[in-house]
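J.: In case you want the letters, here they are:
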Amino acid sequence: MPSLLLTVFLLQLAIHLVNTFGASSINTLLWNLYSNLPISKSESSAEQRELKSQYMKVRKEMNAISSQDEFAKWAKLRRQHDKLLEQLEKNKASTDSTRATFDSAVSTLRWLGTNGLRMFLQFWYSKQAMFWIPKGWVPYYAEWLLSFPRAPLGSISIQAWFLACTAIIILVSDALVAIVALVAGLGSGTAQKAKKEPIAVPSEKAGSKEKEEL
Amino acid sequence: MSSAIINVDDALEPTLQSILDQKTLRWIFVGGKGGVGKTTTSCSLAIQLARVRRSVLLISTDPAHNLSDAFSQKFGKEARLVNGFTNLSAMEIDPNGSIQELIGQAEEGEGPAAGMGGMMQDLAFAIPGIDEAMSFAEVLKQVKSLSYETIIFDTAPTGHTLRFLQFPSVLEKALAKVSQLSTQFGPMLNGLLGANGQLPNGANLPEMMEKLESLRETISEVNTQFKDENLTTFVCVCIPEFLSLYETERMIQELAGYHIDTHCIVVNQLLFPKAGSECEQCNARRKMQKKYLEQIEELYDEFNVVKMPLLVEEVRGKERLEKFSEMLIHPYVPPAGGL
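Chains L and B, in that order, are what the protein sequence lines are.
Per our numbering, the very first residue in the first sequence carries number 53; after that it's consecutive.
Per our numbering, the very first residue in the second sequence carries number 63; after that it's consecutive.
By construction, these hints were calculated from the structure, which means they are not laboratory data.
No incorrect hints appear here.
Simulated pairs of lysine to aspartate or glutamate, EDC-like, Cα-Cα distance not exceeding 20 Å:
hint	chain 1	residue 1	chain 2	residue 2
1	L	K142	B	E316
2	B	K349	L	E122
3	L	K128	B	D363
4	L	K125	B	E364
5	L	K125	B	E309
6	L	K128	B	E360
DEER-style ranges, computed between Cβ atoms:
hint	chain 1	residue 1	chain 2	residue 2	range
7	L	T72	B	S241	53 to 63 Å
8	B	Q246	L	K104	38 to 48 Å
9	L	T80	B	Q242	38 to 48 Å
10	B	G379	L	K104	52 to 62 Å
11	L	D226	B	A236	52 to 62 Å
12	B	R378	L	S149	53 to 63 Å
13	B	E275	L	E113	43 to 53 Å
One-sided excerpt, in silico: chain L residues whose CB lies under 10 Å from chain B:
hint	residue
14	D121
15	E122
16	F123
17	R131
Treat the numbers as computed from the prediction; the structure is a model and nothing was measured.
Ideal Cβ placement from N, Cα and C applies to all residues, glycine included.
Just chain B, same shape as in the assembly (with noise of 0.2 Å):
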């Protein structure tokens, strides 16, 4: 414990206590390649957060959703409140599954969609990655609406994300055109296509205009809530590995391309072998994870960067994910005398 006092006079200290105690934030993204330990880090942070804030919520949009496997208990699409918890919920959005439902929505004339119809099927599908965005900008909107003090993403692997950050600036820029054109071209339109402005699909010119420019409205707002330090961060998650770290990089620097804040870094799945081990690989790996835990230090030395050991069972179930959410706050302390 007094090892870790002492640590925060010359570097950063390697928990997350700072995410605990910024009150401020309210959305934390946490991310990485895929199988460094994302779902089980997002999940003992909600946890330790839960302990802290008034309400929590965890929010998988990885499409192989773990967070029923972390708990052991099914989530879906509504936020449900995670067994053994009072203020900690958690649900899981398929990006890619949900615009499917809005159009199913939309053609039986409710839901979000409702009245846009094939139009709106022509947009998501010739607009790449609009789909997501769209499902992600609904969610965002539905979440907002819960009054959750917290909301904890357990994003998809790398890629993934940040294509989910980077598109409400292209769809902006792309709805605020067609906003304009309907409104210098709108009263044109009417006059072809009659006095109630029906589209040959049976859409509507206007009601769909207001549509979009309300979708964008929620987007740019989230665009500037991410954008934002106090209300936002991203915990990135790796393993002393190069490409993972390799990965990381790209991303951190990417992040710091779209203004969003990152201070945190989880190494996960690090081997202490005890002294005297007669394990070769372990020792091996150890001695390969000590390499890059050293450049870690030395690259990120404005990060805090937290070291999660390697355990011998999976981290699953409430107990074990509180368990292993202590050493996101208490620094692991390695079994003494090993390498």
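Okay, chain L solo, but in the shape it has when bound (with noise of 0.2 Å):
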């Protein structure tokens, strides 16, 4: 049974670490990840950057030319201009869809990964204890509570441990973020104090060389 105990946590651990950090920042990650794979998917993106660059070209080219004077070369550009925008819009708009698609698959997996995979196992062992307090140590309503909905009663049930460990989790991701925020704080603190110090000497040395001037 501790390969499970450990499983619980480290899922918890897992759902935790993925609320934090958001899952759209997630999502982003790994399309990235994805669309810098050497597959057909990042040379339309190479193509895309390719188009854009041609365009911003064209761009600049046509504004910097009168469409008074040179209106035959300017209107040739306009034309230029025009396609390369129609092909980037359409390019963006498959690339997005992509993106939905992609974006909609990775979500599915992750939840299934994460919630669908904790509510799968709260099911499957709930009717299994995770292990059994020592009689006596707590009264009969805590054990009841313990062991709910459906483990036998005197032992821990998975529900009970799964909020243990999201207890635990936060409570010592709760320490770390306040323990990070103590020392970046004291950190800059310190710096803003080294800051000023070089800036405080030389309009000393300044000051005294004026006065020597003087």
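Since each chain sits alone in its own frame, please combine them into the complex, following the hints.
T.: Here it is in structure tokens:
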């Protein structure tokens, strides 16, 4: 059973991490990884970049010449510009739709891997005891609560274990965040001090120099 | 004359001869910015076409009707022969006005929209532009039944024209949706409405759907005809000035977007001061026009670019129009020694 205990803990940790970093930023990270993979997808994104730079070039060129003095040249550039713009928009639409499919697929997989898995485990092991607590440690109502909903009385149910893991993870992460904030605050405080000093020194020196000159 | 023949080798000939020669052409649009001479050009083209075709109809869709002015003869909603011609007719339609008439007719129980009544009116005001498109479709239906060999449209200034040409596809989509809905929910609606299918405002649902469906068919047929380069072409009229050129370029691109063929540009109101002319304004203007003419020739090398001079008299009446129309076919030769 210890492996199940560990699994539950790690699963809860993963859920917590996803919640902290945000699902959308994880999706973006995965998307960037995916679009940089050496498959056809990345080729089209390179093409898009190429198109964009070409478009900007034409645009710059078009803005540089006078439409009144060189109408023919300007109009030709304009045609090119319109064509490129249309192509860019079409490409963008197709990329967007691919991205949407990718996002929904990733979201589904992520849900299945975290919350879905948790629900499954909670259901599958609901009648099993995670471990037993010595008799008489806690009163009856507490025993009943710890074994809620279907684990045998006097044991810890998987639900209770999940809750315990969640509580610990939140506690530790809050503590970590607080420590990091404290350290960062101290660091920036000392940095400010350190900054102030070198500014003060040259001004004094300059002042003394001026005095000397005077 | 010989210069025109030599020109054929290096550039397309600067005349509208290609339109006269293309016997399959049925619809010819003449369009451009306001005040560049669309009406004069379309009248002249009609006169030239009348010489080589069995019958020609000239239609003005411009709300500011100029056909009557140009031929010094009153034209109306019905096609009427132009004085002095046996195979050239003209008519003026007001795209904005005719929907009101259509509704009026419908309320009196006659005309193409009869039976649609208040529903029709609601529809006409619910979708912007539908009134114009529907009246246009009605006119086209009429024109088709009149069996003219060639029909020339003297269109309203740029924006208007393009809206017309663009509209059929929009309307077609909307009507297809409505028809589909009505076939799905029609039975249920009829159950609610009673045996006769009477709508609250006195219209009949199945009958109305039938009317809309026939309208849609007309529009889609016209749409496919307009996209066929053997049947339809667009003649752009412009003057050698920046704004006019800009609009023309935009129009040509949009027409290409709608797959409407265009291969003729008429450059109107060209100044050709005589050699040693003292008119400062004329010379300055000629210089400017020359600049834009060069640009036009560089940009539209695949077009027939026709150059028409600015005359000292207004081009009105049959004789003057005929004289002017000659220059569409036989290029004008500017006075020697000019700028």
